[in-house]
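J.: If you want the building blocks of each chain, they are given just below.
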Amino acid sequence: MKKLSIAYLLAALFAVTPLLDAQNTKEDVESQKEVVVTAERPGKGQEGSYQSLSFSEGAEARSARTVSEIIEKQAGLKVNRYGPPGTYSSLSIRGSNAEQVGIYLEGMPLNDASGGAVNIENLPLGLFDRAEIYRSYTPLHLPGSHLGGALDLMTAVKPGQNKFFVKSTAHTLQGGSLGLGYSGNSMLHYLEFSGSANRYKYDDDNGTPFFNTADDIELERKNEDTLQGGYTGIFFHDLGKSRLTVLADFLAKEQGLPGVIGNETEKVRYHTYRGLSKAALKTPLNENWLLQAHTYANIGYSRLQDNDFELAAGYKSQRRLNTQGGLGFSPTWYVLDSLTLQMISEARFTRLFLDEDILADRFELDGGLGAEFMPLTWLGRLQLNGKLNYVQDNPREVLNQNTFGRNLESRKQAQPAGQVRLGAFPLSIYKKLTGQTTSEKKDRLEVFATVSYAERFPSLTENYGDGGLLLPAPGLKKEEALTNAAGIQGLLPCKVVSCRIYAAYFLTAMNNLILFVANSQKTMIAINAGRAQIEGVEADFSLGYKHYLQLNVRYTYLNAIDKSRIPFYLNKYLPFRPRHTFTGMIETGSREIRFFSGADWQGANYRDRYNSYYLYLERRTRIFAGSTVYLGKQHNHEITFTVKNIFDQRQVDVIGYPLPGRVFELKYQATFSGQKREKP
Amino acid sequence: MKPGLAALFLILFGACSDLPRPERPDVPSSNLLLVGSSDFVTGFLGAISLTDNTVYPDILPTHSDAVVRASSDRPFVVNKLGQDNITLLNAEQSFSPVFETATGSFSNPHDIVVVDSNTAVVSLYGKDYLQLVHPGTGALQGQVDISAYADGDGLPEASALYLSGTDLYVAVQRLDRNTVGSEVWPPASLSYLLRISTTNYQVAEAFSLPFTNPVSRIRYFAPRNSLILCAPARFAFNYALDGGIVEFDLDTKTFSTSPLAEDQAGLELSDAILVSATLGFAIGTDGDFNSTLLAFNPSTQSVTSVLSTLSYSVGGYYSDLAYHNNRLYLADRKLTDPGVRIFDTTTLQEITAAPLSTGLPPFSLQLYRE
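From first to last, the protein sequence lines stand for chains A and B.
So the first sequence is numbered by my numbering: it starts at 1 and just counts up by one.
So the second sequence is numbered by my numbering: it starts at 1 and just counts up by one.
None of these hints come from the bench; they were simulated from the model.
Cβ coordinates follow ideal geometry from the N, Cα and C atoms, glycine included.
Among the hints, a few may not be true.
Unchecked claim - Which chain A residues stay away from chain B? Per the calculated CB distances, all over 10 Å, these:
| # | residue |
| --- | --- |
| 1 | Glu47 |
| 2 | Ala197 |
| 3 | Thr208 |
| 4 | Asn212 |
| 5 | Arg303 |
| 6 | Glu409 |
| 7 | Ala414 |
| 8 | Thr434 |
| 9 | Ile501 |
| 10 | Lys522 |
| 11 | Thr588 |
| 12 | Ile646 |
Claimed, not checked - Just so you have them, the derived chain A footprint on chain B, three or more residues with Cβ under 8 Å:
| # | stretch |
| --- | --- |
| 13 | 39-47 |
| 14 | 79-89 |
| 15 | 95-106 |
| 16 | 226-238 |
| 17 | 308-322 |
| 18 | 336-350 |
Taking the hints into account, I'd like the entire structure generated from these sequences.
T.: Put into structure tokens, the structure is as follows:
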């Protein structure tokens, strides 16, 4: 597998480079402007190894009311929805499972050690300025190891500004939100409340989905309402040359769990609470050394309430509490102008509770080393990242009580992960060779190739079951993935217009994929059933001409094949991974009024591992359009009206979970400060 | 055009083709073992020829939790909780559907028996009544109230059905869904076998089973004119060897001595077939959830042979049995090699060199026009 992947890497690298050199001969990069904003955080370094995604600029951000609505339009990323925005959805990167993706808030892990995907609907859009997307690996500064990659959400804090801001939405699913924020020289406060009845029409087949269409009816979705409120605050304090940053985040959410089509529930409720806190200290020791340290504590609490036993799960109420604390230390050594070394170390402790019982403890240690080497700044860079994630799980008595004498033992293992990334700057090389002055830009055009490797230690639930119908699985192995990728990214040398491109080919081999399977009439167990080979292309192209025109086109190609040892899945396509996905958006207008329109198109998609023709979705298209009006002397009032899913398409991502059709949304944002608001 | 460019176009063209739509096979109309297969996400009806073991997989999509039944020459798919419908198939047209009738949200149909050309009875695990439907059109007709036999949660959990003359027998599990604690849906103190007269659809008698929680289908044992069913009492997650095989004498309307109790088998028993007075077969799981197919002697209530075992850690289990013409058919859901396995009931040796793959793992077996 490794030989094959290295061969692919080299072939892709050499195949792409000559093409780019030919294109670049007559271009001028001097007019290029930087658009990527990077923040300094502990352990953070290497440019180019991630994609920065804006949550605050552009029509894409203005037309969205949740984080997931922006994420799902990105190349290589797929959001699977179990309901309308704001309810529940999960993220896949490069064809991974949702559980293989790490979600972080300012570097703090949101994944639960007990397993399962992070619900990205619990992240208020108004809070964030941008996200960093790491494909196929988890960088040094983010704890843990994830096969699919990581998404780190960055808050909208910009030191030096002094402003109040208001963000509000209203939509025809009978919901809306109100966010109030203050950003000062040394702090940010953001408070948001949102709720939605999520009333919409959907098609109910009355439990006869295959042939009988005569009894199909249109129903209104019930018990899918959400109500949430949250606060996030960030404080800075300068101590001489050092800076202390403190972050506090709290979220409370209540929502209905409406059940699947045909078996709708009426009163099942789900409560989620999240509390995060983090303190980080950055101290430059001298010109060559930077020390960074951080500590954090997270609490995730959820409660499922089923008073009428509608879910028939054998309980009326179940509470889960996930507590986590971490302490990290990261020195950076600027050895030479051309060489930077980073080291990270972090210790984490997680304790899981089920109702009154402690389920298990997990202790983790991360240690890693990163290096960036740029011997000639016009030539390219070599980035090396390697980390070791050590995990030790200790199951508690409550998990032992229903194992029929099978005593659960502590498990401990270390998982290596890392990435080697080689980048070259073809325009700079050309200019250097022709004697022209090279420009040093962060966002310069780069041809890159990467090899990434990651392992995932089984979650506590996979290892030990849930003390219920999920049985312990001693001997479960780690999942592992090797990904090779090559591509191009950066600003293209366009003269009048601004052109940006990101395009990559990748090939991933996954092994020991964990799957829950039934091993008796009423019990399930996790096994290492799967292998998969996923290859794909992700392309993101944007073109802008002043404020007159902005065009974004994104395309994802996925060929995700199940190579598992399960014969009835072997060589079938992995579900929820359409081969072709396309999103496009165009925006035009004046400085006062903007118009935008776009399409999200998805090709054929299997929605089960067996690739049955019943669950096959031929295609799905969503068209949206809208307009933004800027008001006020400083254009500090922004009103956006959007119509989503104009043609009222009702195809679902996951069978049984309806999605809304056409939705009208209104979004208002205002900023009150001495500074004029940036216009598009 | 340069060869390299042409090759690039060919590659791009190949890559641009979309994911293909699957196809379904043609199937003969008789001498079949119908197989409901499932991975609990996707379900399909398949079939195996009883004459030459030809397999016809993926004939028709079904619910992921479905059983196949045949009554009065009519093949049905009983789609359980999540779809809650009864589907009648047309054997003459490759088992294409004739009707697909919803029995109601959360009704959870478990079994169907055709009483006559105008009436079929459907047991509903999630309701306190039996549903009467027209076996030709699927039209819902009336209900048979069995709420008097419910436990504290209000549901009797009616499951398997058997028609003997004008007597309809209904296995009533009576699981307690409201129990909160370490057990999940444990059986109440008593489970019943109801006898309902099909002349008036009233419960004529309720027989308290010697073991609770009858989970298997009800099979007829002709040599003794009796009914055979498995009642494992606390079962699966609530593991306990407190049940066994139940035999009900249709002549005397009494329960005979259990052909094999769980403590005699050392297993949780989930299905059983009696071939003769001295030979029976059963499947079950041990305390580690390893599956076992065993032969036993009903007259001595003892295990005589273990025909096959499946380790719990592999994934999968033995889920159903069928018997025809000295052949025992086993639905083997072994994850890495699932399929229907055939055993010779005289030699107790496996006939199939490898499981007959039905695509998805077999879940439910039903002889049809054998």
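J.: Each hint should be assessed against the structure and marked as holding or not.
T.: Hints, one by one, checked against the model:
| no. | hint | in the structure |
| --- | --- | --- |
| 1 | Glu47 | holds, 31 Å |
| 2 | Ala197 | holds, 22 Å |
| 3 | Thr208 | violated, 4 Å |
| 4 | Asn212 | violated, 4 Å |
| 5 | Arg303 | holds, 15 Å |
| 6 | Glu409 | holds, 15 Å |
| 7 | Ala414 | holds, 24 Å |
| 8 | Thr434 | holds, 27 Å |
| 9 | Ile501 | holds, 18 Å |
| 10 | Lys522 | violated, 4 Å |
| 11 | Thr588 | holds, 30 Å |
| 12 | Ile646 | holds, 24 Å |
| 13 | 39-47 | holds (count 5) |
| 14 | 79-89 | holds (count 7) |
| 15 | 95-106 | holds (count 9) |
| 16 | 226-238 | holds (count 3) |
| 17 | 308-322 | holds (count 7) |
| 18 | 336-350 | holds (count 3) |
Going down the numbered hints, you'll see the structure goes against 3, 4, 10, while the others check out.
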